[in-house]
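K.L.:
Residue-level listing of the chains:
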Amino acid sequence: MPKSKIKIRIVSLTSCDGCQLEFLNLGERLIKLLENDIDIADFRLAKGFSKKSDRFDITFIEGAPVTKNERKLLKEARKRTKTLVAIGACACIGGVTELKNYCDKYDAVSYVYKKEKNYENADVKPVKALVKVDFELPGCPLNREELYSFIKANISGKKFEIKQQPVCVECQKNGNKCLLKEGIACLGSVTLGGCDALCLGLRYGCIGCRGLHKFASYENIKKRLEDILSPEEIDEALQLLGNLDDILMVCSGR
Amino acid sequence: MKIKINLIEKIEGHAGFVGKIVKGKMNDAKLEVHQGARLIEGILIGRKYDDVPIITSRICGVCPVAHSLASIKALEKCFNIEVPDGVVFLRRLIQLGQIIQSHSLHAFFFVSPDFLGAKSSFDIEEKEMLHKMIELKGFSNDMMEYIGGRISHPVTLVVSGFTAVPDKKKFLDLRKRLPKIKKIAKELFEIFNSFPYPDFKRETEYIALQNKHSYGLYSGYIVSNKGLEMNPTDYKTEFKEYEKDYSTAKFSIHGRETFMVGALSRINLNNEKLNPSAKKLLRKSCINLPEFNTFKNTVAQVIEIIHCLEETEKLLDKISTAKKEKFLADEVKVKAGIGVGVIEAPRGTLYHTYETNKEGRIVHADIVTPTAQFLANLEKDLALYLPSLGKISQKEIGNQTKILIRAYDPCISCSTH
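If you're matching them up, the sequences are chains A and B in order.
Going by our numbering, the letters in the first sequence line up with residues 1 to 254, in that order.
Going by our numbering, the letters in the second sequence line up with residues 1 to 417, in that order.
If you are wondering where the hints come from, they were derived from the structure by calculation, not from laboratory data.
Take the hints with a grain of salt, since some may be wrong.
If we take Cβ atoms under 10 angstroms as the criterion, some of the chain A residues that face chain B in the derived model are [what the hints assert, rightly or not]:
hint, residue
1, I31
2, R44
3, C90
4, S149
5, A153
6, I234
Residues of chain A placed beyond 10 angstroms of chain B at every Cβ, according to the derived structure [as the list claims (entries may be wrong)]:
hint, residue
7, S4
8, N25
9, K47
10, A64
11, R78
12, K100
13, K115
14, Q164
15, G175
16, E219
17, M249
Every residue, glycine too, gets a C-beta built ideally from N, C-alpha and C.
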C-alpha cells in the first residue's frame, strides 16, 4: 500500500513572502518531493486555499501576526494542524516587523498615514507568543537547506535538530578573520549558528537574523562590542531583527 | 451583481477585491489591501544609515535588490558619494538577475496556471515546460546569490560598493550556461505569447525611466506616453499619494488620472532600445504598440527576461577587462543631506528618498513603490473590464477578476511597507 503523503499548509501573516519563496527555490527538489512524499494543499503564493474542514500534518507559518485577523487566522491554523513550524525571523523572533516596538509607534503610524486614523497598530509579537510552536526554522530568510532537511526528516520519521551554538563556531571553521578584531560590529557570538556564517564569509557583520542561541547573554555581547559601539548602538543592533527583547529576558533570569 | 474575493492567491502579498455591477456599470471597484502595516518609513526615523538597506530590502522577498539599490543610491546622494564604474557594473548585473527572477516568478508561477488549466505550476501537465521554468528561474537565482550572497535580502550591497566580490569562476559558470538559458527563454516566450489573453484595452498613461544610452532600468529621467519629462527627484510634486479607508497601501495619481508602470509601460516607451533578440520577439509578439491591453503585461515581462539575458551576456563578456576595476566598498563619510534614489524595479519605477543628519542618521524617509503607483489604474481597468463580460457565472467573473489582477503583477507587501 503506498505511503500517504505528508499534508502541508503554508500560511503567511504580515511578511515579505521571502521565506515562502524558499519553498519554490527548492526547484527540482520540490518537484521530487511533491511526486512521492508531500502534498502542499494550502499555499497562497503559488497555489490556493483548502477547505475549512481540512486538517494538516505540518503547517508552516511565515510572518508576524500584526492584525486582528492574522491573530485569529494563526489560532485557527494551530487547531487544524498536528505540527506548527514558525519559519523566518518575523515568525520566530519578530524580525524587522518588530522594529515598531522599539520606537514610538504612534509617531510612526502618523508619520506614514496622515489622514486615516483606523490602522491596526498593536505591538508586534512573534508567533510563539500566541500559539504553541513545535519547531522553528530561523533566519531571514530561512535557510533553504534546513527547510529541505526538516521536510526529509519528517518524511522518514527522523528527528531534525539545529545545534545550539554561536555562529562563531562555523565562522572559525571556515577560516574567516574575526570582524570584531577589525572594528566591525558582529552579533555572531550570541546568534544561533546553522547558516554556515554566510554573511561573515562575505565580510558583513552578523545581524542576528537567526535569533539567540541557548547560551546567549546580554553581558557577553555588550563586552564583545564595547570597543566598537556605544551602549545605545548595541541595543539598536539587537533591535534590528527583533533580538533585544529576547536577550533582555535572558538577562533578567527568565 | 456583487463580486467579493477575500484573498487573492498567486500574487505577492495579501489583497482582496470587492465591486458591484449595477446596470452594466461598476463604479466602485476596490482593491482591498489587508496587509499588516509595518510602518517601514516611520521606523527608519532615527536609525543609522547602514540599517536602511537591511530594513528596506526586507520590505519584499520578491524584489529585495530593487529596494536595497534604491536605498543605497539615495544615501549616496545624501553623502555626495560617487561610486566607481566597477560598482555600477556589478549593481547593473544583480539588478538584471532581480528582474529575470521576479518576472520568472510572476509569469511562470502566478500567471501560467490560469492558462494551462491547473491550480499551480507544479500541477501542469506539460512537465517539460515546468522543468524549463525552474531552470530559467534557477539561473536568475544564481545571479543574485553569486553577487548578493543570497537570493532574498542581499548581504554584499552597501553604501559605496560591495563587501565582497564573487570569484571569477562564478561569472564563468553563468556565462557558460547563458546560451541554453536564452534558448529556454525563447521557447517559453512562444508559449506565453500564444496564451488567449482577453481582448481588452483602456487608454492609459504609461510612465517609466528612460535613458539616452540603453533600455532604461538602472538610471535616467522619467517619461510618459503623454509627454511627461521629469527629473526623478521631482516625483513628489508630480505624483500624489493618497490614502483609502479600505487599504493599508496608498494609491497614486498623476494630475487627475491614474497611471501604469512596469514591463508593459517600459516596452511601450523604450522598445527602440531593447536588445536585438528581444526586439525581434516583440515584433512577432501579440503586443501591438501602443499596447493598452494590460493582460499582455506578462508577455512584456517575458520579452524583458530575454532582453535582460542578452544584457547579462554583454556585461559578463566584459568581466575579463573589468579585473582592474574597483568593486569594494570604501569608508563612508556621513553628513547631513537629502537624496533621491530611483530605479526600475521589476514592477515599475521605485523611488526612495532619505534625509540624513550630520551623524548619518535618518531624519526623513519616503518610499513610493511601483505597485502603490498602479493600484488605482488596476481598479479603473477592473471597473471597465468586468462589466464588459456580460452575463457570466459568479465563479467565472471571479476568475476573470483574479486573472486581470494577476496580469498587473502587484506586489502587495511593497505597496504597504
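K.L.:
State for each hint whether it applies.
P.N.:
Hints, verified against the model:
no.	hint	in the structure
1	I31	holds, 7 angstroms
2	R44	holds, 5 angstroms
3	C90	holds, 9 angstroms
4	S149	violated, 17 angstroms
5	A153	violated, 22 angstroms
6	I234	violated, 12 angstroms
7	S4	holds, 18 angstroms
8	N25	violated, 6 angstroms
9	K47	violated, 4 angstroms
10	A64	violated, 8 angstroms
11	R78	holds, 19 angstroms
12	K100	violated, 6 angstroms
13	K115	violated, 5 angstroms
14	Q164	holds, 23 angstroms
15	G175	holds, 14 angstroms
16	E219	holds, 24 angstroms
17	M249	holds, 22 angstroms
Going through the hint list in order, the structure does not satisfy hints 4, 5, 6, 8, 9, 10, 12, 13.
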